[in-house]
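Enquirer: Next come the chains, spelled out residue by residue.
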Amino acid sequence: MNKIVEKEYFSENVVKLVVEAPLIAKSRKAGHFVIVRSGEKGERIPLTIAQADAEKGTITLVIQAVGKSTKKICALNVGDYLSDVVGPLGQATHIEKVGTVLCCGGGVGVAPLLPIVEAFKKAGNRVVVILAARTKDLIILEEQMRANADEVIIMTDDGSYGKKGLVTNGAEEVIQREKVDMCVTIGPAIMMKFVSLLTKKYEIPTVVSLNTIMVDGTGMCGACRITVGGKTKFVCVDGPEFDAHQVDFDEMLMRLSSYKEME
Amino acid sequence: MSKEDIAAQRATEWREALRKEKKNKDRIEIERVKMRELDPEYRITNNEEVNCGLTTEQALREASRCLDCPDPQCMQGCPVNIFIPTFIKNIERGEFLEAAKTLKMTSALPAVCGRVCPQEKQCESKCFYKLKLGKEPVAIGYLERFAADYERESGKMALPEIKEKNGIKIAVVGSGPAGLSFAGEMAKAGYSVTVFEALHEIGGVLKYGIPEFRLPNSIVDVEINNLRAMGVEFIADCIVGKTISYDDIHEMGFKGIFVASGAGLPRFMNIPGENLIGVMSSNEYLTRVNLMCAAQDDSDTPVIKGKRVAVIGGGNTAMDSVRTAKRVGAERAMIIYRRGEDEMPARREEIHHAKQEGVEFLTLHNPIEYLGNEKGKVTAVRLQKMQLGEPDASGRRSPEPIPGAIETIEVDEVIVSVGVSPNPLIPNAIKGLEISKKGTIIVNEETMRSDLNDLYAGGDIVRGGATVILAMGDGRRAAKAMNEAIRNNKL
Ligand SMILES: Cc1cc2nc3c(=O)[nH]c(=O)nc-3n(C[C@H](O)[C@H](O)[C@H](O)COP(=O)(O)OP(=O)(O)OC[C@H]3O[C@@H](n4cnc5c(N)ncnc54)[C@H](O)[C@@H]3O)c2cc1C
Ligand code: FES
Chain A
1 MNKIVEKEYF SENVVKLVVE APLIAKSRKA GHFVIVRSGE KGERIPLTIA
51 QADAEKGTIT LVIQAVGKST KKICALNVGD YLSDVVGPLG QATHIEKVGT
101 VLCCGGGVGV APLLPIVEAF KKAGNRVVVI LAARTKDLII LEEQMRANAD
151 EVIIMTDDGS YGKKGLVTNG AEEVIQREKV DMCVTIGPAI MMKFVSLLTK
201 KYEIPTVVSL NTIMVDGTGM CGACRITVGG KTKFVCVDGP EFDAHQVDFD
251 EMLMRLSSYK EME
Chain B
1 MSKEDIAAQR ATEWREALRK EKKNKDRIEI ERVKMRELDP EYRITNNEEV
51 NCGLTTEQAL REASRCLDCP DPQCMQGCPV NIFIPTFIKN IERGEFLEAA
101 KTLKMTSALP AVCGRVCPQE KQCESKCFYK LKLGKEPVAI GYLERFAADY
151 ERESGKMALP EIKEKNGIKI AVVGSGPAGL SFAGEMAKAG YSVTVFEALH
201 EIGGVLKYGI PEFRLPNSIV DVEINNLRAM GVEFIADCIV GKTISYDDIH
251 EMGFKGIFVA SGAGLPRFMN IPGENLIGVM SSNEYLTRVN LMCAAQDDSD
301 TPVIKGKRVA VIGGGNTAMD SVRTAKRVGA ERAMIIYRRG EDEMPARREE
351 IHHAKQEGVE FLTLHNPIEY LGNEKGKVTA VRLQKMQLGE PDASGRRSPE
401 PIPGAIETIE VDEVIVSVGV SPNPLIPNAI KGLEISKKGT IIVNEETMRS
451 DLNDLYAGGD IVRGGATVIL AMGDGRRAAK AMNEAIRNNK L
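Residue numbers (our numbering), protein chains in the order written: chain A, 1 to 263; chain B, 1 to 491.
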């Protein structure tokens with residue numbers, strides 16, 4: 001049982017929860033995730049650790065209410081408990097000094113991007129962040145990003161905030177403007193696919209963090225499998241980060257819809 | 001266990017009297033008991049346990065078949081050498097609690113083993129009836145279950161005697177049969193035992209793998225609660241190697257570690273279409289249904305309820321999956337196996353039950369491709385027909401494709417059950433631990449100690465996919481060796 005100690009709405013459907021999990025807070029690194037279960041009949045769902053405070057023994061999760069389980073979790077309040085939080089899972093992000101890193105975040109993918117931005121900056125890189133969303137109200141964590149990145153570019157589909165356009169428009173502008181040594185992109189699968197196509201054109205090494213369907217999160221079931229470079233990989237143990245240019249996004253998009261009709 | 005022990009038990013007065021009471025010639029005339037089973041039509045509509053257990057009369061009668069051999073071969077067939085004639089003769093004289101006590105001298109989980117052990121390959125295969133008389137063996141497994149169930153249901157389940165607490169902390173990784181039996185033995189010897197489990201439930205494969213209709217969870221829970229009552233602490237949601245490290249375990253003051261992390265990694269066949277929607281491992285399927293209760297309406301976890309389900313493989317896991325699919329609502333549930341039925345590793349009983357339940361067996365068929373629709377959902381499987389060739393190194397006749405004999409059948413769900421590999425989490429997380437090519441932890445077979453002084457291991461992480469009884473036996477042996485090492489200040 002893990003107590004919720006803080007709750008904040010980033011937008012109508014995106015909630016930040018700070019949860020007690022002392023052991024995880026101590027051992028987690030950027031890129032790790034946890035598996036959460038909201039109650040006795042709850043589903044096991046993966047959530048990236050956005051931040052952690054080892055001293056207070058807490059981790060921060062950012063959840064977008066999209067399905068039955070995420071809605072249940074978002075409805076919990078301070079003082080309530082998650083029945084299970086297990087982790088940290090997956091491989092940590094490989095952080096090194098490469099020069100300029102372009103970080104593209106879309107939707108709720110912005111939350112897991114934050115610790116990666118922090119870590120790349122700390123390692124001495126120039127970090128340019130693009131935050132993209134449909135409309136102004138859905139842009140989250142802007143302040144925290146600004147505190148960590150060298151530059152933050154906002155893109156909205158409807159032009160209500162920042163520049164009008166897709167994340168790929170913003171990314172291409174940066175790539176044409178300056179030398180980008182590496183790109184990290186986290187967001188909806190379809191967005192990651194198009195960013196990946198773009199950076200492939202410019203031959204920029206690109207890392208994606210994938211959020212597939214999972215059950216155990218420890219390599220036991222294979223629900224999370226995807227194809228990378230022609231080989232089957234388990235996202236929960238081999239990932240969640242992969243070389244974007246090797247990922248079969250079409251297959252992943254398909255597999256993500258496995259249970260759509262049943263919800 | 002020595003020959004003298006067996007002889008001494010056999011020489012007790014009451015047993016001599018029992019032997020005299022009935023002549024062997026009368027004993028061997030009695031037919032082997034048939035356990036009542038739920039009707040197949042009824043049982044595929046629910047999850048109730050299929051085998052109903054023996055009545056007291058049945059158990060008494062079956063126990064009287066046992067000839068109380070002077071050199072009981074059945075005990076050699078049992079991986080943990082249960083004192084089989086002693087417990088059976090206790091049943092014959094009506095001392096059921098005493099029979100249960102005898103079982104517990106060497107087996108930590110008799111109610112579980114009585115249900116899931118492949119007795120036909122172990123104790124019962126060595127029975128005098130089978131070997132010398134060419135008759136059906138004494139139903140040792142049924143009697144084991146009877147005694148264990150009687151004890152549990154009597155409410156007189158005695159906690160074993162526990163030595164005075166010695167204050168020494170021991171850690172266990174994984175709560176399957178290996179971890180549970182190790183924990184029980186060490187608790188009895190006075191140690192403070194903590195079991196760390198990665199999942200949210202305690203019990204390992206007994207909970208997430210083996211279905212309710214073969215092994216009810218309530219039976220496993222009784223054993224777990226007994227361990228709790230003996231002072232064993234269980235910590236769920238804690239992955240050793242992730243949540244806490246090997247070093248953390250030392251820092252927390254644990255003196256010895258027993259790794260029983262199982263063979264959790266599912267294998268796939270790497271054939272085209274295996275990542276289509278509706279194709280999954282048996283681990284995923286069974287975990288969804290058993291651990292997450294996905295087939296129940298009030299569960300948040302979904303599961304695909306296929307109408308035409310193909311299960312690939314011929315082991316217990318395949319049988320459990322296909323029988324589960326029947327219960328979840330499949331109209332056509334098929335086993336697809338590349339060898340013949342005789343080569344199937346599953347228990348005979350499971351094959352028999354599956355057939356009764358209407359499962360189709362497509363033996364000598366091997367999947368070569370899955371086909372899908374525009375949404376990426378599996379719609380068909382292409383099967384290569386096989387024939388049996390010459391026996392291979394393992395003595396099994398190896399299947400060969402019949403050129404050109406390919407068949408396509410419609411399916412909407414495929415469950416791949418072609419084996420598991422050892423869970424690589426611990427081997428990857430602990431530096432210096434010696435690992436075999438197959439990914440199992442290498443241990444001394446006597447002591448179960450690894451190349452790291454304070455780390456012992458047992459069960460499927462050492463053997464690859466094996467059995468409950470072997471896992472349990474490993475746990476006991478490791479406990480004995482670790483206890484000795486600690487007492488001799490070698491740890
Ligand atoms: C569907 C199915 C049916 C079977 N039927 C039979 C049968 O009829 N008869 C029979 O004898 N055998 C059967 N078996 C095999 C038998 O269940 C196994 O051999 C046995 O359970 C192995 O026991 P174990 O204790 O080694 O591991 P497991 O039971 O696999 O338990 C390992 C536990 O460790 C946990 N774990 C793993 N890594 C970590 C970590 N790093 N930190 C913390 N915890 C961890 C896992 O979550 C798991 O709970 C069956 C297996 C399956 C899957
Ligand atoms: S979630 Fe089960 S293997 Fe990855």
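If you're looking for bench data, these hints aren't it; they were derived computationally from the structure. Please note: incorrect hints may appear among the correct ones.
Straight-line distance between alpha carbons at most 25 Å, and here's what the computed BS3-like set of lysine-lysine pairs gives [what the hints assert, rightly or not]:
#	chain 1	residue 1	chain 2	residue 2
1	A	K233	B	K101
2	B	K377	A	K26
3	B	K130	A	K68
4	B	K25	B	K126
5	B	K163	B	K101
6	A	K68	B	K377
7	B	K34	A	K233
8	B	K490	A	K233
9	A	K26	B	K163
10	B	K165	B	K490
11	B	K377	A	K260
12	B	K255	B	K34
13	A	K200	A	K164
14	A	K231	B	K377
15	B	K437	A	K233
16	B	K437	A	K231
17	B	K375	A	K231
18	B	K101	A	K26
Some chain B residues near chain A, calculated using beta-carbon distances under 10 Å [as the list claims (entries may be wrong)]:
#	residue
19	P40
20	H200
21	P216
22	I219
23	L371
24	T379
25	R382
26	V420
All residues carry an ideal CB built from backbone N, CA and C; glycine is no exception.
Enquirer: Next, verify each hint and record whether it holds.
Expert: Hints, verified against the model:
Taking the CA atoms of K233/A and K101/B, the gap is near 48 Å; set against the 25 Å cutoff, the hint is violated. Between the alpha carbons of K377/B and K26/A the distance comes to roughly 42 Å, so the proposed pair goes past 25 Å and is violated. The suggested pairing of K130/B with K68/A is violated, with an alpha-carbon distance near 56 Å, which exceeds 25 Å. With a CA separation close to 20 Å, the supplied pair K25/B and K126/B stays within the 25 Å bound.
For the hint pairing K163/B with K101/B, the CA-to-CA distance comes to about 18 Å; that is within 25 Å, so the pair holds. Note on K68/A and K377/B: the hinted pairing holds, with a Cα-Cα distance of about 23 Å set against a maximum of 25 Å. Between K34/B and K233/A the alpha-carbon distance is near 48 Å, which puts this suggested pair outside the 25 Å criterion. A hinted pair counts as satisfied when its Cα atoms are at most 25 Å apart, and K490/B with K233/A does not qualify at roughly 42 Å.
As the CA atoms of K26/A and K163/B are separated by approximately 36 Å, the hinted pair breaks the 25 Å bound. Restraint check for K165/B and K490/B: the C-alpha separation of about 20 Å stays at or below 25 Å, so the hint holds. In summary, the hint linking K377/B to K260/A is supported, as the alpha carbons are separated by about 12 Å, within the 25 Å threshold. A C-alpha spacing of about 49 Å is found between K255/B and K34/B, which places the hinted pair above 25 Å, so the restraint is violated.
Under the criterion of a C-alpha separation no larger than 25 Å, the hint pairing K200/A with K164/A is consistent with the structure, at around 24 Å. For the hint linking K231/A to K377/B, the alpha-carbon distance of about 20 Å falls within 25 Å, and the restraint holds. As the CA atoms of K437/B and K233/A are separated by approximately 20 Å, the hinted pair is consistent with the 25 Å bound. Between the alpha carbons of K437/B and K231/A the distance comes to roughly 21 Å, so the proposed pair stays at or under 25 Å and holds.
About 21 Å separates the Cα atoms of K375/B and K231/A, which keeps this hinted pair within 25 Å; it holds. Taking the CA atoms of K101/B and K26/A, the gap is about 46 Å. The hint is violated against a cut of 25 Å. The restraint placing P40/B at the interface with chain A is violated, with a minimum CB-CB distance near 29 Å, outside the 10 Å limit. This hint holds: H200/B has a C-beta 5 Å from the nearest C-beta of chain A, less than the 10 Å allowed.
Proximity of P216/B to chain A is violated relative to the hint, the smallest CB-CB distance being about 19 Å (cut-off 10 Å). A hinted interface residue such as I219/B counts as satisfied when its beta carbon comes closer than 10 Å to some beta carbon of chain A; here the least separation is about 21 Å, so the hint is violated. Contact between L371/B and chain A, as hinted, is not supported at the beta carbon level, the nearest pair being about 14 Å apart and thus beyond 10 Å. The restraint placing T379/B at the interface with chain A is violated, with a minimum CB-CB distance near 14 Å, outside the 10 Å limit.
The restraint placing R382/B at the interface with chain A is violated, with a minimum CB-CB distance near 19 Å, outside the 10 Å limit. Satisfaction of the interface hint for V420/B is found here, the shortest Cβ-Cβ separation to chain A being roughly 9 Å, below the 10 Å cut-off.
In this structure, the hints that do not hold are numbers 1, 2, 3, 7, 8, 9, 12, 18, 19, 21, 22, 23, 24, 25, in rising order.
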